[in-house]
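Undergrad: Knowing the structure of chain A, use the given hints to seat chain B on it.
Residue strings, one per chain:
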Amino acid sequence: MKPAQFEYLDPKTVDEAVSLLNQYADDDGKILAGGQSLVPLMNFRLARPKWLIDINGIEALDYIREEGDWLAIGAITRERDVERSAIVADKCPLLKEVTRWIGHVTIRNRGTVGGCIAHNDPTAEYPLAAVLLDAEVKAQGPNGVRTIPIQEFLLTYLTTALEPNEILTEVRFPVMAKNTGWAFQEFARRHGDFAIVEVGAMLALDHGTVKDARIAIGGATPVAFRATDAEDALKGQKLTDELIDQAGEKAGAMTEPEPDVHASAEYRTHLAKVLTRRALKEAQTRAH
Amino acid sequence: MKLDGSYTFEAPRQVVWDTLQDPEALKKCIPGVETFEEIGQDEYQTRMKIGVASIKGTYSAKIRAFDKQEPSHYKLGIDATGTPGFVRGEGTFDLVEDAPGQTTVKWEADAQVGGLVAGVGQRMLSGVAKMTVGQLWKAMDGQIKEKQGTA
Chain A
1 MKPAQFEYLD PKTVDEAVSL LNQYADDDGK ILAGGQSLVP LMNFRLARPK WLIDINGIEA
61 LDYIREEGDW LAIGAITRER DVERSAIVAD KCPLLKEVTR WIGHVTIRNR GTVGGCIAHN
121 DPTAEYPLAA VLLDAEVKAQ GPNGVRTIPI QEFLLTYLTT ALEPNEILTE VRFPVMAKNT
181 GWAFQEFARR HGDFAIVEVG AMLALDHGTV KDARIAIGGA TPVAFRATDA EDALKGQKLT
241 DELIDQAGEK AGAMTEPEPD VHASAEYRTH LAKVLTRRAL KEAQTRAH
Chain B
1 MKLDGSYTFE APRQVVWDTL QDPEALKKCI PGVETFEEIG QDEYQTRMKI GVASIKGTYS
61 AKIRAFDKQE PSHYKLGIDA TGTPGFVRGE GTFDLVEDAP GQTTVKWEAD AQVGGLVAGV
121 GQRMLSGVAK MTVGQLWKAM DGQIKEKQGT A
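So the sequences go chain by chain: A and B.
Okay, so the first sequence: first residue is 1 according to this note's numbering, each after it adds one.
Okay, so the second sequence: first residue is 1 according to this note's numbering, each after it adds one.
These are computed hints drawn from the structure, not numbers from a lab.
Think of the CB as a built atom: it goes at the ideal place given N, C-alpha and C, for glycine as much as any other residue.
Take the hints with a grain of salt, since some may be wrong.
[Stated by the list, open to error] Below, simulated PhoX-like cross-link-like pairs (lysine-lysine); rule was C-alpha separation at most 20 Å, straight line:
# : chain 1 : residue 1 : chain 2 : residue 2
1 : B       : K145      : B       : K28
2 : A       : K2        : B       : K56
3 : B       : K56       : A       : K50
[Said to hold, decoys possible] Away from chain A, derived, C-beta distances all over 10 Å, residues of chain B:
#  : residue
4  : P12
5  : P31
6  : Q41
7  : E43
8  : I63
9  : K68
10 : P71
11 : I78
12 : F86
13 : T92
14 : D98
15 : Q102
16 : A109
Just chain A, with the same shape it has in the complex (with noise of 0.2 Å):
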């Protein structure tokens, strides 16, 4: 197993980057973060750039820091260090909880929060915690840097929003309140393989009322969505364990799952309605 042959570039600047990859966009040219996903692809010769440039050596991608309301991560963050980051921990624990799914520790080492984003895999829990959280998405091409929000970065499949000559440089997750109860489950085979389906939840409860909802499910769309009507029929509403039934089922039924080896479509919106429905207990025993 190796890739076909490609270029090497190894720019040190985000400018030199972006004027690389301006170049090269239209020639097969494409961006290496962590590469966890594009080497592996690579060398199943399933993806073939051309040009290849290597952005683990622009330094000042790596990052995690507080900028007011936001959590603002470098793009070649690696995940290992979001895992480990007390201000993660402290700000936004749902994102060092996801990160514990991803892969294995190897892979984590590796693998970056940029590389993660960017490439949209429908079951990964970056993108879900990023929807569940209302993140934003940072990008610099040749006209300059955009904030994207990540309802309209993540498109489908493998796809975002980034044009061919731009390259993600940061992801914003916005604090969390310290009141919020929060939970993450994913369910698969074995811990590391690619979740079947995952659901992340956030509360806020006032007094044992819903004051405010957010469910996100991964792995039963092709990009990881925001179960509204799950949420919808939370809001306001007194949190009893048949409320949360309810919800549950609310948002299995707006699951779209397609089957494949792994599981049926049917399993997979069972699972949706477990996930959801565990999660919001969890989540409800960390509210106050």
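TA: Chain B in isolation, oriented as in the chain A frame:
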């Protein structure tokens, strides 16, 4: 791999039928089409680039239309091979007039997919296949609107 779906056109059934059978329209509408030649009655040879993001493969395909019952029913056979694998299958298309000026195409397909793309890409295969068919209908819709606009 079994797939099905439907698409509703705001056009009379005959117009939809004519467009779907028109090689020129097909040439414009097949996603990622590079070449498209008529090699016989209802038989076409095409080269197309299919896939998502950087995982695209070029396939050389033979497409054959048969079992035609104008204007309501036809079948397509496809035999495609390319570097990432092969696709062989058959699709059935039924055109139903829901109301005057509105036609729904119901389709179902049974395809065998083999090679690398089936092994590595199978997690997203049926989703991407459906999406690609969706692109075809959308492009056809554009063609039909264009036709009706000039009619």
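Undergrad: Does each hint fit the structure? Answer for all of them.
TA: Okay, the hints, checked on the actual structure:
no.	hint	result
1	K145/B <-> K28/B	holds (14 Å)
2	K2/A <-> K56/B	holds (18 Å)
3	K56/B <-> K50/A	holds (13 Å)
4	P12	holds (30 Å)
5	P31	holds (13 Å)
6	Q41	holds (35 Å)
7	E43	holds (30 Å)
8	I63	holds (24 Å)
9	K68	holds (30 Å)
10	P71	holds (30 Å)
11	I78	holds (20 Å)
12	F86	holds (14 Å)
13	T92	holds (19 Å)
14	D98	holds (22 Å)
15	Q102	holds (24 Å)
16	A109	holds (14 Å)
Hint check: no violations occur; every hint is consistent with the structure.
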